[in-house]
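Protein chains: 4
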Amino acid sequence: MALRMAMVGGGPGSFIGPVHRMAAELDGRIRLVAGVFSRDPAKSAQAAVAWGVAPDRVYPDHHTMFAAERARADGVQLVSVVTPNHLHFDVSAAALKAGLHVISDKPATLNLAEAQALAKVVAASGKQYGLTYTYTGYPMVREAREIVARGDLGAVRKVVVEYSQGWLSTPLERDSANKQASWRADPKQSGVGGCIGDIGVHAFNIAEFITGRRVERLCADVATVVPGRDLDDDCNVLLRFEGGARGVLIASQISAGARNGLTISVYGEKGGLTWSHEDPNILTLDWLDGPSHVLHAGSGYLGPAARAVTRLPTGHPEGFIEAFATIYRDFADAIEGRAGGLVPDIAEGLRGMTFVERAVAASRDDAGWVSLQGEG
Amino acid sequence: MALRMAMVGGGPGSFIGPVHRMAAELDGRIRLVAGVFSRDPAKSAQAAVAWGVAPDRVYPDHHTMFAAERARADGVQLVSVVTPNHLHFDVSAAALKAGLHVISDKPATLNLAEAQALAKVVAASGKQYGLTYTYTGYPMVREAREIVARGDLGAVRKVVVEYSQGWLSTPLERDSANKQASWRADPKQSGVGGCIGDIGVHAFNIAEFITGRRVERLCADVATVVPGRDLDDDCNVLLRFEGGARGVLIASQISAGARNGLTISVYGEKGGLTWSHEDPNILTLDWLDGPSHVLHAGSGYLGPAARAVTRLPTGHPEGFIEAFATIYRDFADAIEGRAGGLVPDIAEGLRGMTFVERAVAASRDDAGWVSLQGEG
Amino acid sequence: MALRMAMVGGGPGSFIGPVHRMAAELDGRIRLVAGVFSRDPAKSAQAAVAWGVAPDRVYPDHHTMFAAERARADGVQLVSVVTPNHLHFDVSAAALKAGLHVISDKPATLNLAEAQALAKVVAASGKQYGLTYTYTGYPMVREAREIVARGDLGAVRKVVVEYSQGWLSTPLERDSANKQASWRADPKQSGVGGCIGDIGVHAFNIAEFITGRRVERLCADVATVVPGRDLDDDCNVLLRFEGGARGVLIASQISAGARNGLTISVYGEKGGLTWSHEDPNILTLDWLDGPSHVLHAGSGYLGPAARAVTRLPTGHPEGFIEAFATIYRDFADAIEGRAGGLVPDIAEGLRGMTFVERAVAASRDDAGWVSLQGEG
Amino acid sequence: MALRMAMVGGGPGSFIGPVHRMAAELDGRIRLVAGVFSRDPAKSAQAAVAWGVAPDRVYPDHHTMFAAERARADGVQLVSVVTPNHLHFDVSAAALKAGLHVISDKPATLNLAEAQALAKVVAASGKQYGLTYTYTGYPMVREAREIVARGDLGAVRKVVVEYSQGWLSTPLERDSANKQASWRADPKQSGVGGCIGDIGVHAFNIAEFITGRRVERLCADVATVVPGRDLDDDCNVLLRFEGGARGVLIASQISAGARNGLTISVYGEKGGLTWSHEDPNILTLDWLDGPSHVLHAGSGYLGPAARAVTRLPTGHPEGFIEAFATIYRDFADAIEGRAGGLVPDIAEGLRGMTFVERAVAASRDDAGWVSLQGEG
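Taken in sequence, the protein lines are chains A, B, C and D. Residues in the first sequence are numbered from 1 upward in steps of one, following full-length UniProt numbering. Residues in the second sequence are numbered from 1 upward in steps of one, following full-length UniProt numbering. Residues in the third sequence are numbered from 1 upward in steps of one, following full-length UniProt numbering. Residues in the fourth sequence are numbered from 1 upward in steps of one, following full-length UniProt numbering.
Do not take every clue at face value.
All copies of an identical chain are treated as equivalent in the list; a pair is satisfied when it fits inside any one copy or across any two copies.
[Said to hold, decoys possible] In the EDC-like style, the derived pairs of lysine to aspartate or glutamate whose C-alpha atoms are separated by at most 20 Å in a straight line are:
{"id": "1", "residue 1": "K43", "residue 2": "D27"}
{"id": "2", "residue 1": "K270", "residue 2": "D175"}
{"id": "3", "residue 1": "K188", "residue 2": "D90"}
None of these hints come from the bench; they were simulated from the model.
With these hints in hand, go ahead and build the complete structure from the sequences.
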């Protein structure tokens, strides 16, 4: 039997709402059956029709929904939180307190203080809490993590991670019809980080995910390039990892012409690996001595982590929706008590919020190298 | 309300069954609610559980299913045919006669005679019939077709299409546990074409789809390379299109190391285009004079055909399941009377069967150039 | 001491003349010291100045040159033949008879009869005769040949070789100022082959070079696409190699937008290799089971054949001139009696002429499969 | 008449000496006729034989050579300086004072003070002084510079330049037979910069070359990763350009598996460009709205700067030697008073030395952002 899910947010005009819906249902493990898809009841109803949600399970607000669903024998078991950042804490905490598992879009909350508060709620709830750091759902990212963990590259020495977009090269947020741009550029909805909170955290997360090492210190140049913008749109950060590896993190939304270019290279003593989101089904390994290896998703020679999350034979591309669906499938496993999944949790949420707040503050104060330890 | 679908075939051990299920449901337009997923009732039940199909709608055979579903107020409206080729005709014809729409895996039937018979059933039924020539569901393949139709390349002069796999480089079919290999290598289940019927028809179909021109004549070298194999596993074909363009079609399942490499180049008087399945979200245009253009799926500058079938912003890869889902979405549109979709139909099924039979016969008889006209 | 070379042809307006000059001198093994660079004495003198050839060693015709140089103690030792095809035989034969080594641009002669006659002159002369099939000078092409010879791929089963250009998509040859186009399109200067003689022979040669197997039979579609053109500009050929491998050879000069796209894939029982001229410093190996390998020129792990002809460390691209220079260096080795070089010789010249004549004739007569044996 | 050149350094065991020789002579504008190729007379003589230099023009030291050549009517006109860094100043200054033009491998000198002294010698000499920042010789790098200068991208906002090698991942310098590694790792021969002086300056130079903007400030993490090494082998630097653009410069010789990966992206208001040394004959332009453009070297649609330095038609790869040769050809033009060349000169030498010294010092002192102005 599929798990029953509600969604908060994600209705018409949202990019990520439909992705969550498709991802949650792709593997037949979860069914969307209830929701508050928009503050606007008409839009909420419109989403319900499109997604096959019964009209009587479309609610005016999440408090009402949680109460009503709790009263049903077939009430929802998990909630997907797909609102702008400033609502993440309130919705997630309420859901957990209502006894529901929560899977949330990133970042976890509006700021670090909220993330710390949410961590306590999660701990007290006994429920599962997951964050959709989508890129960790790609098979070849999991293969990369496994390769590093196995020591194939030797000790990690250097990490270069870049996440470049160009879509905020102009002040799109002034066009109120562009919801994607307007809420992201508004500190009240986004928090202190613009680009760094939107995509910088993905780069940070994938670097820690693949290397299995935490960033200990950073030196940041977090900038606002487009005149009049309230939040940062370009970030360049020097990193030091535990164990001594150095790194560079580049995140930008004003790299005009860039699409969604997340690329990471990890170099160890014996070789390096490179994964790029624009060609996600391959992983390249370069060696000090010997031919480069190109690993293809879906191949029998891959490790168990990658093979567990591939749906198709090699040569049949899987993409963003499938990676997203893997996070949901892992979350379903976690709810049902099966081992082996890799759902990013509140600890990674705290790491992300710590990264954003420290980098923004350090850059603003020209503070040079600052520590990332202690709170995340 | 989502359309209600039954599936015949596709249960445990099938590669393509789960793909049909995910593809049909991805956009929320269709729900799988009934099925005969396997001849083995236990396996059939197992698929039903995994896919959320109620136990009372899992049937012992398709005739029983069609009768029972017809009697229900909420009976199925369409049937997905996912069996080996030799059952396609019987299941499809029975479904159409039972008043159900049919969407079938390719090729349409076991042989040309069956395809001709099926065409008559389709015509008499008044129901929709669709074939999942998956590759025509990719946004950049539709963009390619639009570019050619718009005349951007000038008159088409040359087509090179190659579909190379390597997985049948050894006699896998002798391992009875390998269902994928064993039925494909068995003439009784596959028909007269091995590689040419399995993937050659995809190459043929995409060439006609993108160019909008029919192949008029061909000269074929259809071969069996792995000793002891009953059907062909390597095909090289010279083509002549209506309007005079020349072409080459290469299909192989013994190109060791090749994964699922479908690549097509179309050259006109002014420029050429290239699309490759291993990097499906781009389309490259090369011009007689001027920089090459690389078009990226999800971009605002693409034509209406591509934009209509893209789910994500540019830089977010879509893959095989999404392309497959587009065929299903177009089929849902066709059932509901909406215009604009591009579902391959029985006419394309006839073309494919004609291609397979003529190429196999001409190669066997060393017949040189033969006509493809008259029957498809 | 560098070998002393004369050149016939190659003056102002020639593409390939300057390439021969740079290639011959690159490694310091050969110096250009005399020549008949053009029929036009002013142009010939102009080339001499640009290339540092003394004015008194610029001659009105090749007969005069051979006689005069023979009389000098420091006379030339080898002659580079860079004229249009119809002069190859006369110049080459005269040089050989004058006791000079000859290195000639391809094809060897205007037609097969001339090639057969030249073979006799070569044999009688006791001098070295070489043909600049440039692509065999690339390190990764030599690595490919070595990999096949070593049996890494198992027995060869299939070859796909494509050489596509687009520059003759329009009737450039009608512009008399375009020397490159005009002589190539003139049967009196080019012979019976247009595209097939200009670039098809390169594709044919590299296929035989890498596989170490001769083509035994072919079935050809040799066409003239641009109206009014006298020679072919588009060729598609099915191949059968000795030992049973099948192949496809595609050569075109009307693939609009294509630059100089020579690509070859060779598939054996265990894996396949691919080399492409637009990215010549890598060689890709794909395996039935295991990651793909990408070999990079200049790497220490390459075989002796590739390492012998690489001038730079890995990551420093070498290109067309360097590959050309390798042919010249190998030729210098041959003259000086050093072993190990791989200069294409008159036997390969005969193969090329046989290929061109048989393919053109077979296609014209719609002869189906024809033999390539007996004469080349 | 070709210009007559002497070389200091570059004999057996040198990587870059043979490259200078091939590059200087490639276009027939310069001939190597004299030299001090090694301190070891036998090795020096060996190089002379290989390169066709007369025995009587091989000298024991550069002072002797400059005096002797000055006394000849056909004495050398320019000197190529190919020694380790610590000898650059002495040889270059002596040559200039002897009335010879100087073309030197980079960096200009051992340290900034020497570079400043050399700048005065250059100014007083009235002779040409050039530096072989090779990468600026690539046609597509010149096209990139022209595109930025023309304003096609709008104002430059961001630059990411990375130059990653892996060959010093192990302490190769302890193997005394490895001359390439040993002198580079020795501060007395290399100066204060290891990786940053060897390849970081190339990255710095190409960034300023393409953008036409100077770096004003930087914040550097210059590190020694391999234990026991005396100089840096990994450098990560945040940049600020005049006009406000931000940037990141990454240079490493411990990125295991990396070959010679110099890649630069420049983003402006309207689009971005990317050039990569491992595929040097293309330049990619990505736009805020519209297809990406891929420009191919040798194409007629390129700007005058790129077309002036391409030797072959499009599709015929040129590489490292050709780019190097372009610097030499430009230098020959400068000597002969022809306009249009782009030889890096002593001003760029000063910039490079300033970059190295400031970055190393700032990183050592944890100085945060430091200025690059005032001295370079």
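Violated hints - listed by number, lowest first: Violated: none.
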